[in-house]
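> Full structure from sequences and hints, please.
2 protein chains.
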Amino acid sequence: MGAPSFPLPPGSTVGIVGGGQLGRMMALAAARLGFNVAVLAREADSPAGRVSAREIVGGYGDPAALRQLAEISDVVTFEFENVPGAAIAALEADGYRVAPPGRALTVSQDRVTEKSFLNAHGLPTVAFAVIDSAADLPHALQKLGAPALLKTRREGYDGKGQAWVTNAVDEDSAFVHIDRRPAILEARAPFVRELSIIAARGRDGAMAAYPLAENQHEHGVLRRSIAPAEVSPALAAEAERIAFTLMGALDYVGVIGVELFELADGSLLVNEFAPRVHNTGHWTADGCQVDQFEQHIRAVAGWPLGPTAPLARVEMLNLLGDEADAWPTLAADPTARLWLYGKGDAEPGRKMGHINRLTPL
Amino acid sequence: MGAPSFPLPPGSTVGIVGGGQLGRMMALAAARLGFNVAVLAREADSPAGRVSAREIVGGYGDPAALRQLAEISDVVTFEFENVPGAAIAALEADGYRVAPPGRALTVSQDRVTEKSFLNAHGLPTVAFAVIDSAADLPHALQKLGAPALLKTRREGYDGKGQAWVTNAVDEDSAFVHIDRRPAILEARAPFVRELSIIAARGRDGAMAAYPLAENQHEHGVLRRSIAPAEVSPALAAEAERIAFTLMGALDYVGVIGVELFELADGSLLVNEFAPRVHNTGHWTADGCQVDQFEQHIRAVAGWPLGPTAPLARVEMLNLLGDEADAWPTLAADPTARLWLYGKGDAEPGRKMGHINRLTPL
Chain A
480 MGAPSFPLPP GSTVGIVGGG QLGRMMALAA ARLGFNVAVL AREADSPAGR
530 VSAREIVGGY GDPAALRQLA EISDVVTFEF ENVPGAAIAA LEADGYRVAP
580 PGRALTVSQD RVTEKSFLNA HGLPTVAFAV IDSAADLPHA LQKLGAPALL
630 KTRREGYDGK GQAWVTNAVD EDSAFVHIDR RPAILEARAP FVRELSIIAA
680 RGRDGAMAAY PLAENQHEHG VLRRSIAPAE VSPALAAEAE RIAFTLMGAL
730 DYVGVIGVEL FELADGSLLV NEFAPRVHNT GHWTADGCQV DQFEQHIRAV
780 AGWPLGPTAP LARVEMLNLL GDEADAWPTL AADPTARLWL YGKGDAEPGR
830 KMGHINRLTP L
Chain B
480 MGAPSFPLPP GSTVGIVGGG QLGRMMALAA ARLGFNVAVL AREADSPAGR
530 VSAREIVGGY GDPAALRQLA EISDVVTFEF ENVPGAAIAA LEADGYRVAP
580 PGRALTVSQD RVTEKSFLNA HGLPTVAFAV IDSAADLPHA LQKLGAPALL
630 KTRREGYDGK GQAWVTNAVD EDSAFVHIDR RPAILEARAP FVRELSIIAA
680 RGRDGAMAAY PLAENQHEHG VLRRSIAPAE VSPALAAEAE RIAFTLMGAL
730 DYVGVIGVEL FELADGSLLV NEFAPRVHNT GHWTADGCQV DQFEQHIRAV
780 AGWPLGPTAP LARVEMLNLL GDEADAWPTL AADPTARLWL YGKGDAEPGR
830 KMGHINRLTP L
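Sequences listed follow chains A and B, in order.
Quick note on my numbering: the first sequence kicks off at 480 and runs consecutively.
Quick note on my numbering: the second sequence kicks off at 480 and runs consecutively.
Since the hints were made in silico from the structure, they are not lab data.
One or more of the hints may lead you astray.
The list makes no distinction among identical chains, and a pair is therefore deemed to hold if it is satisfied within one copy or across any two copies.
Dumping the calculated SDA-like pairs for lysine to any residue here, alpha-carbon to alpha-carbon at most 20 Å [as the list claims (entries may be wrong)]:
1) Lys822 with Arg533
2) Lys822 with Glu802
3) Lys822 with Gly490
4) Lys822 with Pro486
5) Lys639 with Ala543
6) Lys622 with Ala608
7) Lys822 with Pro483
8) Lys822 with Ser491
9) Lys639 with Ser484
Quick look at the structure:
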C-alpha cells in the first residue's frame, strides 16, 4: 500500500465503512482537515457517499468490498457498530490499518460478551443471565427479579429485539418475540437518569472526554440530549474513569460512546457502549471547538486529540420520520442549528436530522 | 427542468461553478442542510468536487459545461468572481435559476464599471480615471495626484495586474507591466485601516450583515482578518448601508463581500466587492452560528437568512504555500481551529488553508 506513516498528512484518504449520517458527518469533518474520504455503502448515492470522493457499493461484511475500500484508504474506520468484527479483524490481520480495533466490535456486538468484558475490568453493569432457550428463563427471572429485560445477544438497536418479562406467562411469548435467538436477560436498572459520555483515545494513548450528556429516549429511540449534563464532579470523574478504563482495555483508537444509567445513590452502571461516534454526541458539532466527528478523524489519523471543553449548553433534538418536514420552520428559527442527513425516505422513526439549540453556559 | 419552487427542499441539488476552497466550504455547508451538490471544476478531482455528489469538468465560461451543470441543479451559484458574467446571464436567459445574478459579475468584473456603478448609487470610492493607452496617463496622474495605482480593468486579483505610478518615468513601464491592457488609474486611498463587510440578501429581499472584519494584506494577499473589528456604531452603520444599498441595486441574492477603506476621519470608501463568499468571512465558520457558507446556501436556495451575531472574537490567519506544512503543530494547538483545503500543490503564496483563533467576546 505504501501508505504514509502516522500522523497521516492532509491529502490522505480515510475509508469509512457505512454510508449513513454518522459517516456523512465524519466525512464532512475529514474534509475540513484536508483529508479525502472513501465510503463503503450498501447502496449507491448514500448520504455519506454523496459528500465523499469515492463510494464503493457492497455489504459491510463483504471481504472483497472491505479490501477494496482498504486498498484505496490510508486508514479504515466505520460508522456502524454491526460491521462484522471478524471482517474488520481480517483486514487488520492482512496489514491494513483499521481503527477502532476489530476487537471493540467483537466485544460490543454480543451483549453477554460486552457485559462480561466490562465487569472483568471493574466496570459495573446490571446483573444479567445468559438465555439459550426458553427453559433458562424461569431460573434467570428468579435470580434477577421481575420485571427483567430479555434482549437478543446480537444485533437489535433502538429498542428492537427486546421484550420485558414479568412472570411465567411472559417467558415464552418474550422468547418468541425475539425469534428464539440466543439472548440475555438483564435485571431492571433502577435508574433515575440516562447519561452518556463521549470519549476518544489517540494512537499515542492520550485520552479525552467530552462533558456528559443527559439523554431521553422514546420508544427505545433517542429523542433528546442535553449537554453538559448537570452532574456532580464525583459522578463526572466516575464516568470518565469508566470510559478511559474501557478504552485502555480495548487498546482503543477513535471516539467511543458509553451509555450510562445513573442510580438514585449517584452511582453509575454501564448500559452499553458503541465503538463509534454517537448520536448523544451530536451536540458537540455546535457546542465544542472540535466536535466528536473531527475528534474521531484526528484519532484514527494519528493526530493529536482536540479540546473537549463546551462552548455552550446544547439541547439536541432528533428529527424522526416526518418531523424533518418542519425544516422551513426550523430554518427560520434563529435558536436552532439545523442538521439534515440527506436521506430520501422519511419512514416513521427514522433519524432524518437533528437540531442543536444553544444557550450560554 | 421540473425543478421544485423556492425554498428548495432538502435533497435538492445546488450547482457550484468552481472547484476551489470556497466551493468546497459551500459544499460542506450545503451538505449540513441536506442538499446535494454538483460542481463544475476546471480539473477532475477538485477540492470542491471531492466533497460533492457530482463533478463536471469544464471551463467556467464553457456554455455546454455550464448548461450541463444547470441541467442537474435546482439552482446554480459560483465561488469565483471571474466566471464570465455573460455566460451566467445566458443561463438566466434560458430559464435556469442562478444566484447571485449575472449582473453582479458583469459589474464587478470591470473596475471602471464597478466604481461607476457604486458612485451612481451614492457609494463612495477613490477617484479614478479610465486609461485606454499610455497616452491617457499623464493627464490622469495630474488629476488624481501621485502616486496612483494602475490596474487592469478586468481580472487581476491578489495584487496581480497592478503597478504604482509616481511620475512620468513610471508611466510607460507601468503600462507595459500590465501588458498594455485597458486599465484604470486609481487615486491613492489615504486609508488608516482595511475593513470588509460580509452581507447577504435572500430571495425575499431580506438582508443581514456580519460584523465587520479588519484585514491585513501582505504582497497583495490577505494574511489576517480580525472580527468583529473594533469600530464605532456610526461606521458599522455606514458599512451596512453600503452593503445593503449595493445588494439592493444589484437585486442581489447570496453572500457578498465588500472591501472597504477606512479614512482618518472615520469615513469609508468602497475598494471593491466580490459577488461570492469571501476570504475575510472565513472567521464566521467558527465565530457565528450560521457561517457565510451556510448563509450563501440559504440565500440561493430561498431559505430564510440565519443569525449573524458573533459568538466569539476571531483572528483568521491564512496559511499560504508551505505554511500549511505546519499542520502537525497547528493541529496540536488547542487555540487554533484548523481548516485545510485539500489542495495538492503548495505553490508559494497559494492559499492552502487557514486557522481561526477564538477568544471570548
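> Would you mind marking each hint as holding or not holding in the structure?
The hints, checked one at a time:
In this assembly of identical chains, the alpha carbons of Lys822 and Arg533 lie at most 20 Å apart whether taken from the same copy (18 Å) or from different copies (17 Å). Taking the shortest alpha-carbon separations for Lys822 and Glu802, only the intra-copy value of 13 Å comes in at or below 20 Å, while the best inter-copy value is 39 Å. Taking the shortest alpha-carbon separations for Lys822 and Gly490, only the inter-copy value of 8 Å comes in at or below 20 Å, while the best intra-copy value is 28 Å. In this homomeric assembly, Lys822 and Pro486 come within 20 Å of each other (Cα to Cα) only across copies, at 18 Å, whereas the closest approach inside a single copy is 33 Å.
Taking the shortest Cα distances, Lys639 and Ala543 never come within 20 Å of each other, neither inside one copy (30 Å) nor across copies (51 Å). Taking the shortest Cα distances, Lys622 and Ala608 sit within 20 Å of each other inside one copy (9 Å), while across copies they are farther apart (94 Å). Taking CA atoms no more than 20 Å apart as the test, Lys822 paired with Pro483 passes between copies only; the shortest distance there is 17 Å, against 34 Å inside one copy. In this assembly of identical chains, Lys822 and Ser491 lie within 20 Å of each other by CA distance solely across copies; the values are 11 Å between and 27 Å within a copy.
Taking the closest pair of Cα atoms, Lys639 and Ser484 never come within 20 Å of each other, the shortest separation being 41 Å inside a single copy and 39 Å across copies.
Hints 5 and 9 from the earlier list are contradicted by this structure; the remaining hints agree with it.
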